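Peer 1: Chains as they are written, first to last, in my numbering: chain X, 584 to 1136; chain Z, 584 to 1136.
Rather than coming from a laboratory, the hints here were simulated on the basis of the structure. There may be inaccurate statements among the hints.
Pairs involving identical chains hold if they fit within one copy or between any two copies, as the list cannot separate such chains.
Claimed, not checked - 20 Å max Cα-Cα, derived SDA-like pairs, lysine to any residue:
1. K1056 <-> F876
2. K781 <-> P675
3. K981 <-> A730
4. K588 <-> W1126
5. K981 <-> V1066
6. K1102 <-> V1081
7. K904 <-> F1022
8. K1056 <-> E786
9. K981 <-> R933
10. K588 <-> A1079
11. K1096 <-> E738
12. K781 <-> Q1072
13. K588 <-> G780
14. K981 <-> Q652
15. K781 <-> A612
Bear in mind the structure is a predicted one, so any value in this text is a computation, not a measurement.
Number of protein chains: 2
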Amino acid sequence: MSLPKLRLALAQLNVTVGDLAGNAARIAAAARDAVAQGAQLLVTPELSLCGYPPEDLLLRPAFIEACQQQLAALAAELAALPIAVVVGTPLPLEQALPQSRSQQAPRGLNGAVLLQGGREIGRYAKRELPNYQVFDERRYFVSGREAGLAPLVFEIAGRRIGLLICEDAWFEEPAQAAKAAGAELLAVINASPFHIGKPAEREARMAATARGVGLPLLYAHLVGGQDEVVFDGASFALDAGGRLGARAPMWSEQLLLVDGEGRGAVAALPEMEAQVWGALVTGVRDYLGKSGFPGALIGLSGGIDSALVLAVAVDALGADKVRAVMMPSPYTADISWIDARDMAERLGVRYDEIRIDGLFGGFNTALSPLFEGRAADTTEENLQARIRGTLLMALSNKFGSLVLTTGNKSEMATGYCTLYGDMAGGFAVIKDVAKTLVFRLARWRNQQHGGREVIPLRIIERPPSAELRPDQKDEDSLPPYPVLDAILQRYMEEDAPVEQLLAEGFDPAHVDKVTRLIKISEYKRRQAPIGIRITHRSFGRDWRYPITNRFRA
Amino acid sequence: MSLPKLRLALAQLNVTVGDLAGNAARIAAAARDAVAQGAQLLVTPELSLCGYPPEDLLLRPAFIEACQQQLAALAAELAALPIAVVVGTPLPLEQALPQSRSQQAPRGLNGAVLLQGGREIGRYAKRELPNYQVFDERRYFVSGREAGLAPLVFEIAGRRIGLLICEDAWFEEPAQAAKAAGAELLAVINASPFHIGKPAEREARMAATARGVGLPLLYAHLVGGQDEVVFDGASFALDAGGRLGARAPMWSEQLLLVDGEGRGAVAALPEMEAQVWGALVTGVRDYLGKSGFPGALIGLSGGIDSALVLAVAVDALGADKVRAVMMPSPYTADISWIDARDMAERLGVRYDEIRIDGLFGGFNTALSPLFEGRAADTTEENLQARIRGTLLMALSNKFGSLVLTTGNKSEMATGYCTLYGDMAGGFAVIKDVAKTLVFRLARWRNQQHGGREVIPLRIIERPPSAELRPDQKDEDSLPPYPVLDAILQRYMEEDAPVEQLLAEGFDPAHVDKVTRLIKISEYKRRQAPIGIRITHRSFGRDWRYPITNRFRA
């Protein structure tokens, strides 16, 4: 007797947090598609039913209950299909853990159920709960191991498949436990936020896991943006030796079909700049799209940051949904104006100009009785930025479009930005992109689509300036960006000690300046809009510094 | 042979996060004081050496190393004193936990050491790590139990004392383990953030623990503000039956001396309003003081919220460090102006007025070509608020004072506030105080100090209004505040399901409106300044909702 040939489908889905009915519909559509392509099993990503991360929604009993109801409805909808479906969903904890007297013990499990023939035929709960970087899973979940749930191994077309959830597969025990329970193949469901280097790292770690237990491994992943994180897709399959047998593209929904040895179509991983561009475009498209904003509004300065954000926004939303506003002051150079207008024309977006001279004068007049003859200082620079922020927000309020802010990571780190000024807006597209990478991305984008230069070269080549006083240059106030960004990476992203930086040859004055600026700018960052995380440490959920803090290394 | 009489000192200290040398000096001073008062043991609070919570500073190896160096210096400084001292400090993890492949496994232990005669004679690490509400201890620490550290029991004047750290004493195992290791008395070191009801709850839980093991229990607690949390002090001691034997006052540094049965001086717990007032005053004083701001700046409106914040600020900082600014528009009623001036005079703070009519007209003119004849709406209301925010921030920039914002919890919940407008500022004093409590606090404050009415009665009795358009009243847009606040408590603070609220008799239209407003205002709150937490659930570290979220119960 020969077994039927095994055919498995990994659903790389873009779900929305909290949209239970919409996500269930997406899973059901993928199941129908998988059946049409001859698959016997559909594997959907981690928490595919509710989206990831649902954060404190998981503390609401009504949320977990609603997931249970939606799961029952989905099981009924799938009943007639000749396919088994793995669905990621929070599961209620059947009984409280012993001993805890705390008011807020976790209420649920990060679970997955296997649906077949209209009912649940197996369930599993994540055993390893990440509680670092952007992850807070110990806040929400009890480990399946602590809750006493066994590994889940189920049979499809005569092959026994063991289920794991994301972090499980970065440890040894869950895979070994699944193998001990009879698994001949591992199916891992995931929500693994993108950062530079993550796709390759993820595949390498999973290869180690596959080799460690000597089993093929399927990796089903989310795609799409959720607030500050983006999921890149690139679902894949490995054979028992850890060798790549199939990979879905990044940044789009896909159904990846593989056989029992993990073989299928193999998409290439694109170069770094293309990965980051995909992250930014996906982040913008989904932040606006999932919340229903009609479009985006960007204040152009004639500089490279706003130029880059405009290019991202147009790639994400289309030129008809993006609007640019230039708000020149007496300190705005003519070429800034010319370049901003040129850029808007190249991209075909609506472009308006509002001079701020009169408003700036009005504020100076209103404040002069209280300023008591004091000299101009950064107060007046901030005033200009805040007038611009107020104008953009008025346009946003009147027309409903979201203001995209244009500050980069180097500025966010050093506080080289104005609260309620250029920081005013709903989404900070490049807040995790260091200035040196801003330059790389601008040049990279200009080389795409046959080298049609969307960002005028002069914008890329001019020395950066905030243009808030005469002849101002960023590098008058900050170390050269290549130095600043290198210190930022070592000190902020990698927690390197100051002594280590000095040993690596950085100028002590530069190290002192950058680390001091990072420290004193915490209050600004705390009020910054969220933005897209593209490094393994962004100024978001993965950066939780006290504002009140006297520690200096 | 008779044993020397046991005398123990609990140091209720106000330490500063990251100020290792300053905190060590404070501990040493308390030790000298304790010796002078005949104590043989000084017990300092949880993480007394580095302050609590140090948050992501704990991910820096250089921070834990600096704590170790400061601890050695402190041991040397204490060497000549005839007293043992318990110091709370992070401890480095001697070896990584097995199995983990994660990049960011916790690097330390939430520890305590016993110093005597110039050296460490015992160490302990917290076994129960809270990871709920504002706590993220699983992000930073490995449990002492998992790290294989034994309970710490040490002898002082012939009595064996078992050490516990905060959450440990809310569970059974750590106290039982200490007793099994010979403890005759429990000393618990704590950092337990204040919220309404917490002091009484804490004492009740500790009484249950004391009774459970049949041992006296000493509770040494922090006092003071750290960003959004305030520690209330009120250190205490219980006998083996859980009966209160001693209690330090709330909101001030104290050395509480007790005997071996937990007997000493007993301060009363003040009434609820006094506790909250103490929390607000402490929060403001420490946020400004610990970061070195010269004073505070408040925009007065003539309404009760800004009046209350002004009174808190004056109580916290003194009238000479507080400055009030009234910024009337065409919609400001005469009595608002009169009352604001009256209030400033009663409190003796500097008061200025800046009319915003001209600036408002300037923005309307600048925007009119782009507004294309559209009718006035909330855009114009927000403009007024943002002009005021910009003026206050200009004064802050020019003079260095911190802007205190005046929005209450009911407004933060419903989004009845303007980003970059009335939300502009460094510290949101009453962001966790619901409007109904704002009224109670105002009346309570007027009754203190012999009933000297600092907040004019008319400010308390007028119907609340934002005064951003003619004849505007809050209750035109929102349910009556007693209803709004009750829904807020059940739905937001207690995660009650909507069905439950309806069963409790709330008007469905009110429930729908409030829950919808809470949901759609998430983006505003994410950019709000931090402020003082006074309930068990504030819009701070204990409220982590996604902005992109389609879930509605």
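Peer 1: Please flag the earlier hints that this structure goes against, numbers listed from lowest up.
Peer 2: 1, 2, 3, 4, 5, 7, 8, 10, 11, 13, 14, 15
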